[in-house]
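Number of protein chains: 2
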Amino acid sequence: MQDFNVTILGCGSATPTASRNPTSQVIEVCGRLLLIDCGEGAQIQMRKFKVKFQKIDTIFISHLHGDHYLGLIGYLQSMHLLGRKNPLYLFGPAPLKEILDIQFKYSYTALNYELVFTATNTKQKELLFEDKCIEVHSFPLSHRIPTTGFLVKEKIKLLPIKKEALAEYKISVAAIQSIKEGGDYTTEDGTMIPNKLITMPPLPLRSYAYCSDTIYDERITEYIRGTDLLYHESTFLHDMLKRAKETFHTTALQAAQIAVLAQAKQLLLGHFSARYNDLSDFLTEAKPVFENTLLAEEGTTYSIK
Amino acid sequence: MQDFNVTILGCGSATPTASRNPTSQVIEVCGRLLLIDCGEGAQIQMRKFKVKFQKIDTIFISHLHGDHYLGLIGYLQSMHLLGRKNPLYLFGPAPLKEILDIQFKYSYTALNYELVFTATNTKQKELLFEDKCIEVHSFPLSHRIPTTGFLVKEKIKLLPIKKEALAEYKISVAAIQSIKEGGDYTTEDGTMIPNKLITMPPLPLRSYAYCSDTIYDERITEYIRGTDLLYHESTFLHDMLKRAKETFHTTALQAAQIAVLAQAKQLLLGHFSARYNDLSDFLTEAKPVFENTLLAEEGTTYSIK
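In order, the protein sequence lines correspond to chains A and B. Okay, so the first sequence: first residue is 1 according to our numbering, each after it adds one. Okay, so the second sequence: first residue is 1 according to our numbering, each after it adds one.
Source of the hints: derived by calculation from the structure; they are not laboratory data. Be a bit skeptical, because a hint or two may be false.
A pair holds if it fits inside one copy or across any two, identical chains being indistinguishable in the list.
Simulated crosslink set (BS3-like; lysine-lysine; CA at most 27 angstroms straight-line) [what the hints assert, rightly or not]:
no. : residue 1 : residue 2
1   : Lys153    : Lys132
2   : Lys180    : Lys162
3   : Lys125    : Lys105
4   : Lys123    : Lys105
5   : Lys153    : Lys287
6   : Lys55     : Lys157
7   : Lys85     : Lys242
8   : Lys132    : Lys196
This structure is a prediction, so every number in the text was calculated from the model and none was measured.
Please model the entire structure based on the sequences and the hints provided.
Right under this line is the structure:
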């Protein structure tokens with residue numbers, strides 16, 4: 001089974017602390033690396049956690065609060081300085097382009113690589129990106145400024161080849177990809193072996209949903225229904241519900257309620273307010289509502305099985 | 001003697017590494033805290049090194065390469081979110097205002113405190129700021145884009161009061177500041193004691209010079225002559241002189257030559273290229289030319305005696 005991993009670079013909220021960085025995470029899926037949000041210091045976190053810096057080729061920015069994008073310009077410039085040539089695809093709210101361009105202008109930077117920017121639609125669900133293996137959708141969240149969540153979905157699952165078939169039919173390395181994609185196999189003596197005989201049924205398609213930042217909003221569950229892993233912000237504990245509402249954020253209890261309504265398989269809480277040192281109360285609050293809940297930790301990789 | 005300290009938050013160059021952050025430093029002088037440059041992650045470094053975040057009231061930005069200012073917007077926003085009310089004075093190249101304004105606009109941020117911006121003159125020396133105790137000047141450096149250095153100078157030195165005079169004339173606490181500033185003292189019985197009798201000569205005025213980023217340029221020595229501590233960039237070792245010239249940077253050997261020509265008392269090397277892990281060669285190269293040389297280290301405070 002191919003890796004489908006989420007590595008947390010930052011799970012703090014608006015004001016970083018000595019122990020929690022602003023939001024950023026790397027998604028490994030189908031052999032690609034995607035970056036979702038890029039708070040200040042994300043490139044330094046990538047160095048610390050040995051993320052393959054230049055291998056990321058697609059970046060998704062949820063909204064234009066600083067704790068979700070201020071690390072982007074430095075990261076783009078570092079890739080330039082370190083000789084990147086491959087194009088980079090960037091998705092985010094339309095004004096992001098203007099913010100980047102003005103900073104490139106005054107630092108006299110002409111990037112060595114192509115930066116392909118696409119503005120996200122912050123009003124309705126949209127397919128942002130697809131290749132033969134994955135799709136990434138954006139969908140509206142309810143925050144103080146235009147904001148989207150993201151859904152990363154596997155599209156076509158490769159068929160696992162039966163181990164015993166490899167030996168029995170002397171399957172060549174060159175033929176493996178085509179068989180995994182559903183092709184039949186012709187042996188050296190010209191016999192056609194039907195795909196079904198040599199492969200196993202595909203594993204179910206997996207998905208990852210990212211919802212940060214947002215107020216409690218049940219409408220988002222339609223976009224993320226049945227997701228394997230839901231990252232949902234929980235800036236506050238529920239005793240601060242009033243503050244959560246005022247600032248268009250969510251409590252841990254509410255995030256668990258969203259996970260239940262969305263029939264998610266697992267919930268990953270993040271975007272913790274700087275006021276909390278010990279995060280164990282977030283679990284205590286969420287688990288009675290949604291048992292399969294985890295806390296995001298910087299430098300930790302969460303695998304979707 | 002009042003503290004005059006330089007605390008290094010970052011001493012890396014354009015591309016940060018896991019162990020070196022982009023440029024930023026805090027100057028403590030005359031009971032004030034100044035910030036010079038504010039590379040990405042500076043606010044996180046302030047947290048780590050327990051710098052009094054909100055006490056900084058004056059910020060100086062040398063130029064608009066990302067590694068010298070990308071941490072500014074996040075730091076300004078954090079002070080806002082944490083309730084700052086006191087005005088903040090910001091000095092830097094004119095377009096910095098435009099870069100900040102566009103980001104405040106799209107994050108819908110109206111700062112709680114007054115941000116007073118003054119554009120620096122990148123063509124000639126200028127007095128940027130003074131209070132009764134210090135002056136800060138900017139002066140042009142020679143880099144790829146408009147850049148200034150900064151000179152922080154003590155202005156008037158308070159006169160130390162002789163210990164024995166305190167007891168002999170029963171000097172009241174209320175009178176101390178006026179005596180330190182040169183005033184005579186009138187005792188309870190009306191006798192006037194001349195200032196010279198009760199004070200010692202002032203200590204010499206101290207200064208700190210910041211030169212980053214710049215190519216080797218002897219013209220800067222006129223602005224910084226006799227400085228107590230010279231922070232000079234040394235992005236490269238001298239075997240990379242060609243690269244240093246191409247990128248308008250300096251080698252460790254050249255920085256030492258500038259320290260000699262400027263008759264500086266001490267040299268602090270910084271802005272090291274990410275290619276160097278072990279920095280001991282920087283000292284080996286600089287010390288034969290200028291013995292009193294130190295390497296900048298993040299989290300270390302350098303005192304000017």
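Hint check results:
In this assembly of identical chains, Lys153 and Lys132 lie within 27 angstroms of each other by CA distance solely inside one copy; the values are 11 angstroms within and 63 angstroms between copies. Proximity of Lys180 and Lys162 under a CA criterion of 27 angstroms is satisfied intra-copy only: 10 angstroms inside one chain copy versus 89 angstroms between copies. Taking the closest pair of Cα atoms, Lys125 and Lys105 come within 27 angstroms of each other only across two copies (25 angstroms); inside a single copy the shortest separation is 33 angstroms, beyond that limit. When the C-alpha separation of Lys123 and Lys105 is checked against a cutoff of 27 angstroms, the pair qualifies only between copies, where the shortest distance is 20 angstroms, while the shortest distance within a copy is 30 angstroms.
In this assembly of identical chains, Lys153 and Lys287 lie within 27 angstroms of each other by CA distance solely inside one copy; the values are 26 angstroms within and 58 angstroms between copies. Taking the shortest Cα distances, Lys55 and Lys157 sit within 27 angstroms of each other inside one copy (22 angstroms), while across copies they are farther apart (56 angstroms). In this homomeric assembly, Lys85 and Lys242 come within 27 angstroms of each other (Cα to Cα) only across copies, at 24 angstroms, whereas the closest approach inside a single copy is 48 angstroms. Taking the shortest Cα distances, Lys132 and Lys196 sit within 27 angstroms of each other inside one copy (21 angstroms), while across copies they are farther apart (86 angstroms).
The structure fails none of the hints (numbered hints given earlier).
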